[in-house]
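Engineer: The hints should help you fit chain B onto chain A, whose structure is shown.
Keeping their order, the protein sequence lines are chains A and B.
Counting from 1, position 86 in the first sequence corresponds to residue 86 in the working numbering; the numbering is continuous, with no gaps.
Numbers given in the working numbering equal positions in the second sequence, counted from 1, plus 141.
Keep in mind the hints are simulated off the structure, nothing from the lab.
Computed from a prediction, not measured in an experiment: that's the story for all the values here.
All residues carry an ideal CB built from backbone N, CA and C; glycine is no exception.
Listed next, with one range per pair, are the computed distances between beta-carbon atoms:
#1 Ala-210/B <-> Gly-112/A: 36 to 46 Å
#2 Ala-281/B <-> Glu-123/A: 19 to 29 Å
#3 Leu-247/B <-> Arg-111/A: 47 to 57 Å
#4 Glu-246/B <-> Ala-104/A: 53 to 63 Å
#5 Lys-40/A <-> His-168/B: 23 to 33 Å
#6 His-168/B <-> Glu-85/A: 17 to 27 Å
#7 Glu-158/B <-> Ala-104/A: 42 to 52 Å
#8 Asp-107/A <-> Ala-210/B: 44 to 54 Å
#9 Thr-129/A <-> Gln-159/B: 34 to 44 Å
#10 Glu-246/B <-> Asp-102/A: 46 to 56 Å
#11 Asp-221/B <-> Lys-26/A: 12 to 22 Å
#12 Leu-247/B <-> Leu-12/A: 19 to 29 Å
#13 His-27/A <-> Lys-167/B: 21 to 31 Å
Computed footprint of chain A on chain B, listed as stretches where at least three residues anywhere in the stretch have a Cβ under 8 Å from a Cβ of chain A:
#14 179 to 185
#15 204 to 216
2 protein chains.
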Amino acid sequence: MRSAAVPSESRLIELDEQESLELLQKHARVGRIAFVSGGKPALFPVNYMAEDDGIVFSTAQGTKLSALAGGAPVVFEVDDSTAMEHAGWSVLVEGTASEITDEAELDRLRRGPLKSWAVSAAEHWIRVTIESVSGRRIPAS
Amino acid sequence: MRSAAVPSESRLIELDEQESLELLQKHARVGRIAFVSGGKPALFPVNYMAEDDGIVFSTAQGTKLSALAGGAPVVFEVDDSTAMEHAGWSVLVEGTASEITDEAELDRLRRGPLKSWAVSAAEHWIRVTIESVSGRRIPAS
Numbered sequence: 001m002r003s004a005a006v007p008s009e010s011r012l013i014e015l016d017e018q019e020s021l022e023l024l025q026k027h028a029r030v031g032r033i034a035f036v037s038g039g040k041p042a043l044f045p046v047n048y049m050a051e052d053d054g055i056v057f058s059t060a061q062g063t064k065l066s067a068l069a070g071g072a073p074v075v076f077e078v079d080d081s082t083a084m085e086h087a088g089w090s091v092l093v094e095g096t097a098s099e100i101t102d103e104a105e106l107d108r109l110r111r112g113p114l115k116s117w118a119v120s121a122a123e124h125w126i127r128v129t130i131e132s133v134s135g136r137r138i139p140a141s
Numbered sequence: 142m143r144s145a146a147v148p149s150e151s152r153l154i155e156l157d158e159q160e161s162l163e164l165l166q167k168h169a170r171v172g173r174i175a176f177v178s179g180g181k182p183a184l185f186p187v188n189y190m191a192e193d194d195g196i197v198f199s200t201a202q203g204t205k206l207s208a209l210a211g212g213a214p215v216v217f218e219v220d221d222s223t224a225m226e227h228a229g230w231s232v233l234v235e236g237t238a239s240e241i242t243d244e245a246e247l248d249r250l251r252r253g254p255l256k257s258w259a260v261s262a263a264e265h266w267i268r269v270t271i272e273s274v275s276g277r278r279i280p281a282s
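Extracted from the complex, chain A is given alone in its bound form (with noise of 0.2 Å):
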């Protein structure tokens, strides 16, 4: 066992970039986001979206938008199942978070189609850079 990444009973199928980047861009509209903040890890739900070259979502200003803002180092997730069938996929995401500061993009966001959820004010922006993706799934059993 000891040596062992993954035993031989494992159900996970490894999803392809492609697969991975659809699943990110059409299949999920609440996404996790990790990073270290003062040496911890801090992990926030953001409602996002997925475009060409990165992930994009809004926030006010806080804890978060302190720690994210500067070029930080990211995990970014989604994932959906099914609890009946112990079935279910998963996207991560490894990038970089930085605030967006361009006002011709800042005006372009700001009239499309992604609101925050749960502050209609947040003047913020934060895209994740998509460094590299990986996705898994567990078929039904």
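Structural biologist: Quick look at chain B alone, frame taken from chain A:
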């Protein structure tokens, strides 16, 4: 705007500890655990069980286990949402992860209802103590 942690337009409703624990214990099967590994953020979905004294899940040998087994600070998150209504809830737990090594307890867990969806022979069990729990709800608009 600069000093406002949450703008007044926020639709977020804070849940109390009891409501948050109930959502954690009864209304979700899949959560996400975030931790720091080698100075970088890490995040994985897990199917879990919430017991009185913490959150329990099983995992295979590997990076995740190595990072979590020895008493790592973690954030654990569950959520549910309805995209149509831009509504949902989330619960965040801050705690400490450690591997369960007590044989009587392992025996109880192995015979219990929680099976890893991914790995049928996952022999390592992690407990996350609940040091703080908080929750938020966004009502349907």
